[in-house]
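Chains as they are written, first to last, in my numbering: chain A, 337 to 666; chain B, 337 to 666; chain C, 337 to 666; chain D, 337 to 666.
Rather than coming from a laboratory, the hints here were simulated on the basis of the structure. Please read these numbers as outputs of a predicted model, since none were measured by experiment. Some hints here could point you the wrong way.
Repeated chains share a single entry, so a pair holds when one copy, or any two copies, can fit it.
Below, a list of computed lysine-lysine pairs in the DSS-like style, where the Cα atoms sit at most 25 Å apart [stated by the list, open to error]:
| no. | residue 1 | residue 2 |
| --- | --- | --- |
| 1 | 504 | 661 |
| 2 | 578 | 611 |
| 3 | 339 | 663 |
| 4 | 339 | 661 |
Number of protein chains: 4
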Amino acid sequence: MNKFGRLFSISIFGESHGESVGVTIDGCPAGLSLTPEDLLPDLERRKGGTQKGTTPRQESDYPIFKSGLFNGKTTGFPVTILFENNNTRSEDYNKQRSIPRPGHADWVAHQKFGGYEDYRGGGHFSARLTTGLVAAGAIARKLLEGISIRAAVTAIGGETDTEKGLQKAIEAKDSVGGIVECRVNGLPAGLGEPYFDSLESALAHLLFAIPAVRGVEFGTGFAAAAMFGIEHNDAIEDMSGKTRTNHAGGVVGGISNGNELVFRLAVKPTSSTPKEQNSLNWDTGKTENFSVKGRHDLCVALRAPVIVEAVTAIVIADFMLLEQKIKRVL
Amino acid sequence: MNKFGRLFSISIFGESHGESVGVTIDGCPAGLSLTPEDLLPDLERRKGGTQKGTTPRQESDYPIFKSGLFNGKTTGFPVTILFENNNTRSEDYNKQRSIPRPGHADWVAHQKFGGYEDYRGGGHFSARLTTGLVAAGAIARKLLEGISIRAAVTAIGGETDTEKGLQKAIEAKDSVGGIVECRVNGLPAGLGEPYFDSLESALAHLLFAIPAVRGVEFGTGFAAAAMFGIEHNDAIEDMSGKTRTNHAGGVVGGISNGNELVFRLAVKPTSSTPKEQNSLNWDTGKTENFSVKGRHDLCVALRAPVIVEAVTAIVIADFMLLEQKIKRVL
Amino acid sequence: MNKFGRLFSISIFGESHGESVGVTIDGCPAGLSLTPEDLLPDLERRKGGTQKGTTPRQESDYPIFKSGLFNGKTTGFPVTILFENNNTRSEDYNKQRSIPRPGHADWVAHQKFGGYEDYRGGGHFSARLTTGLVAAGAIARKLLEGISIRAAVTAIGGETDTEKGLQKAIEAKDSVGGIVECRVNGLPAGLGEPYFDSLESALAHLLFAIPAVRGVEFGTGFAAAAMFGIEHNDAIEDMSGKTRTNHAGGVVGGISNGNELVFRLAVKPTSSTPKEQNSLNWDTGKTENFSVKGRHDLCVALRAPVIVEAVTAIVIADFMLLEQKIKRVL
Amino acid sequence: MNKFGRLFSISIFGESHGESVGVTIDGCPAGLSLTPEDLLPDLERRKGGTQKGTTPRQESDYPIFKSGLFNGKTTGFPVTILFENNNTRSEDYNKQRSIPRPGHADWVAHQKFGGYEDYRGGGHFSARLTTGLVAAGAIARKLLEGISIRAAVTAIGGETDTEKGLQKAIEAKDSVGGIVECRVNGLPAGLGEPYFDSLESALAHLLFAIPAVRGVEFGTGFAAAAMFGIEHNDAIEDMSGKTRTNHAGGVVGGISNGNELVFRLAVKPTSSTPKEQNSLNWDTGKTENFSVKGRHDLCVALRAPVIVEAVTAIVIADFMLLEQKIKRVL
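Produce the complete structure using the sequences and hints provided.
Put into structure tokens, the structure is as follows:
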């Protein structure tokens, strides 16, 4: 299913080189003031072409509201937003069709969908689908007054000096991975449940839905595996629940504890490296050398922060509605 | 909600020191031969008390089938399994009630449930609830003929020699974290979807539902963030989809690619360390020194492998039903 | 799936002649005072054997709470309730096994579940499963302060003098159908949505889940099909939304309008008539005469009102939580 | 939520006088050949203006595919279809804004959505939203080879001679109700489950989602309430499950039995009668006489058959996927 969320529910549709991509938000409270312009800053951040290391493909990415708005406010009914695909160069992809690109979904998509998949530009697998996530996230953020969600790239190619890491990739003419960290402040205590609906479970579910994400950790994360209990435990300091340290990253027993929520993602290097590769040719059944054409990001992690913020906002809005901390009619 | 899964759906209930804990499996195909004995090996692995570094609390953990079986076979209707709680020592917990234990859910549960939560032994937050997960996982495994799911502790306290890591904790009289790695062989290609129902999303959702899990990574995981594309890409070798390397860990574009599925989890040190701690006393509003009583694991990671295998089997069974690779009547 | 509801979610399990039947309520707010005794009056009404025209099978039907309660109050976690099956006489059913009983699920169950179904006493199809519905309904009702839900049999065998209708059936030594009408007062306006989550859709979904229900109508119902618009329209009288007439039965555009909610159900005659019937014998492949043994209701409609009230309460509680008219912690 | 279905899942969006209405089908198998023309016959039947007694509003209702198609075949990803709204006359509605129309959702929508609802032409409540249902239904039908679904108006204004019933309404210058009957042939046995996912539950859920539907009955329906068991029981004639009579209407124990599926709906008279009515004026707080302007159907039942067929096809496709009787890749 291409749907996520219980009360603030989003569904995405579209293909990279098809008619359009889009999103439907079902469950957005009525009475939220909303214009296309509200979404533009985040959409702009997501877009390639303005930043060193991101793809030069330029879509206008202007959100077209098809439903759910009246007199500039949400009506309580589904908000469907379209992004038309204008700037596609499918011929780049057709040429490579005989070689399923390593690291891409080409081979699995073909196995799973029997050849009916739209392979152009990655089809439904394309990062272009994240346009809808970012739009939905921008709407969710408008509901989260007083909650700040900020993600940033904290390492590229193993370098915490991200400029340096990116420069290495440019010089190597290769794509490169990175780390994204997200910090949420102002989150109330009490969001999430033990077990299946833990805050980590819901967040990780959506974070792993972002293409190229290979790892997710909360608070101290993997480093916690090397620690003793007395080091890791966060002593509670006062009745507000504030802790002295924050190894838990703001979530305990699956539930937010009112401290800063902190998590990190590992983003792999884009599979579409300009480097020559050797891999299977479907037509011949033999491996051969080739290189990927088309417009691609050198470091897809650079585009991730706004998407990470978006899905975080979506998850939080859903939990806030569930906990009745956001009203159904504003 | 305490439910997970679309077609092979499980729901858990119960509290550590209440009447019982249990699980309902809804959607298990009809005609699966099933006895309590089928579940005992995995339940035995989950149980504390037989392994150095795990809690001495001993429950018989004998699964009582309350529905869904007839003549030793599943009927296609919900299978409800109970585990009675016999061996509880709630008084241990009552004594500590005035100090919400650092790292535990005591404080957040109280915030969220207004004091109505069953705090004894962690209530619904307790790892005792994983009994139901393990039972459901053992049933799922019976459906997955030809698929091998194996998890193991690969590091304790930062030591890949796990005996050494555990020994450090015993000497330090402190709890300690660890790494669990899971490998799945025989998985068909084609399980999972791009975006929200990616195989990683579904697995991470359930893996983060396991208490004490703080990080999840697939394939090369966090190390991928420091790699170049040409290093990370797995060249496809032949028409079966076999790849030369397996940095992807068997999942590409959210979909299994037929290679070995590999992922790792970070398990934090148990919060219930025997060490003296300093934290808030609810009654006085001031911090004070205390130490946790009760029976606890020094290294909860040691109990995790069977639970990790169980939730992995549950997720795979669900996807196999969705892909019609398991029949609804066997 | 054997689950219903989004926020006040119930799932049922069990078989008529198996170990037990039961229900899990997931999403009941924390802090609701609850004892087995709270459920007994409704369970007593559901039970056969005390009323003319209902089956003499007597189960104690005492609800055993297995989870979700602490100090006599709900904890916010799943409440699982068991009813043990003590008083089963499976041999009655085994004798008839070769003839799938007309009107019963015997034949379809066998087709669908390949012979793995528990056929004894109707298995999972049995009306005994409504015990769980009634228990869940009794809990839901406790959440619905100020809302009165009353159902009654308004006709038996076509007679609005129900005593007379029942007497006809007793004399004919045959089972007989009936009409049940339900009226809900005190319902706030605003429950339900247009289209898929209309109040009628949700109610009809659960009402048609009750065995033997063959029709559901709201307000004027089928009679509306013969009316003109000017007759059927309910003029609004004042700002509270009160209407002069109530042909709509309290629901307009899928949403409650604050007037009395009124709906009716058609309940077919119990298939288990004591009369001789002619139908297929599976073993011989030919039809033959036979009569149904076992303990059965002459008029199952007589047992329906408490079940109808229960499912109505469940649906309303779910909508009230969704509309934030019931708090998650009381 | 504006979503229905588990595996063949549809969601609708849009408002009568907004930008557009539309539907997303998520879960349609890959490889189904599909063109806009495939949908036109059913869309044409749904449209007003060509039939005596239906509204003269004419929209082109040409389906615009925005996603999910490639080379004329479904890809296995969401199919989003838009219908632009071109032919709206919102001023008709603005004039009547001060009087919530009896029988319409005006008053409840205002109560529920706090005045943020798009009231023009009924907004999201409008029957125009059924365009998406009909489109989804036409796609579902393409999956149901060998299954015939036919609905027809069998009575208008109480007359089984429907021409006569309609003539009465035309003469009375009033709207009028009707009965729609649906018959499904070729349905395999085994669709549906006891209790919550009964075939009747799922069908009634969607049938009551159709505007103006006030009653639903299966087989003998309400008439069964007046029958004896021996009359109502359908004797099984042979090993194929064929029954001598079909009072059950093809569904027993919530499961299709392979006989003809038969059900009927009561459709109320359109609330928008041209007759003068007396009802509340919101601005003055007093009742007054008025008459509804705008273009409306005299007998909305006439438009219902194609919608009934559509939702029936949707429900059946969902069950067929669940039962693995339709493949995920064709």
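To see whether the hints hold, each was checked on the structure:
{"no.": "1", "hint": "504 / 661", "result": "neither (46 Å within a copy, 45 Å between copies)"}
{"no.": "2", "hint": "578 / 611", "result": "between (50 Å within a copy, 21 Å between copies)"}
{"no.": "3", "hint": "339 / 663", "result": "both (22 Å within a copy, 21 Å between copies)"}
{"no.": "4", "hint": "339 / 661", "result": "both (23 Å within a copy, 23 Å between copies)"}
Hint compliance for this structure: hint 1 alone is broken.
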